[in-house]
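Residue numbers 1 to 285, in the working numbering, belong to the letters of the sequence shown in order.
Bear in mind the hints are in silico, worked out from the structure with no lab data behind them. Just so we're clear, the structure is a prediction, and the values are computed from it rather than from any experiment. No residue lacks a Cβ here, since even glycine has one placed at the ideal position from N, Cα and C. Heads up, a few of these hints could be off.
[As the list claims (entries may be wrong)] Using C-beta positions, here's what the derived DEER-type ranges look like:
no., residue 1, residue 2, range
1, Gln48, Glu89, 36 to 46 Å
2, Leu5, Gln172, 17 to 27 Å
3, Ile90, Gly201, 15 to 25 Å
[Stated by the list, open to error] Under the rule of at most 20 Å between Cα atoms (straight-line distance), these lysine to aspartate or glutamate pairs were calculated in the EDC-like manner:
no., residue 1, residue 2
4, Lys184, Asp129
5, Lys184, Glu138
6, Lys256, Asp8
7, Lys184, Asp150
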Amino acid sequence: MQPELIADYACVTGEGPLWHEAHGCLYWTDIPAGRMFRYDPDARAHEQIYDGPPVGGFTIQADESLLLFGERGAIFIWRDGHVEPFINEIEEMRDTRFNDVIADPDGRVYCGTMPSAERPGRLYLLHRDGTLTTVLAETGISNGMAFSLDLEHVFHTDSSAREINRYRVDRQSGALSDRTLFVKTPEGEGVPDGMTVDERGFVWSARWDGSALFRYAPDGRQIRRFPFPARKVSSVKFGGHDYSHLYVTTAGGDNKREEGAGAGALFRLRTDARGRPEYLSRVGI
């Protein structure tokens, strides 16, 4: 169960691995460098497919395009190498950018932001018609998210607080309530970052500055730690045609001497766990 290096683009902040079932490929981003990549496991080939403004997070749309979330509230659509704007700017986000995002079963998108000097981070819900509502008004670094198996709860990572919290979700409105602490990482042992949930309801959480991927039972107990040759393990998602492979991104590729030989690379980990397809967004469709 050693991590297998798949591609090393020395990403400054490799993030957001996401399996595109229709394409049979994994996509991921290097946020500050404004780059995106694609890996085809059947062809054993990878390539850069985007060079432009930073992309904090993205979803796969029901029409197979990618919905990209960037700086200043910009949201745009990538399709076959071409980019078209969907929302040019959100006034209250002029001094920050989107970070992690996730589509819900109804095709809407929960989209988190980075905090700025003026305000804390926020979690928004982007509706299919393009309107945006605030779900959590004050968070730190709004990060990894995932749904419980029964779809009654949403996991949300606040990296600044070193917490993964679980919220009850109102499926009709998308509102979150009844926050419960799921995991708080020990001080000095890194912070939780991107995450996913497997088909048994176990939570997998990447540990920024913790050099590892962690697996937690549905009750929050730590089950296992998987070490990586990079300090900043940033995100994780299941992929492959049967969702039996874990794809893990890392950061720090611009400083491998201090961050580790694998910093900034994409890895694959094979375990006995399987994941589930992520939900498709249907924004503007």
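Tell me, which hint numbers fail for this structure? 1, 2, 3, 4, 7
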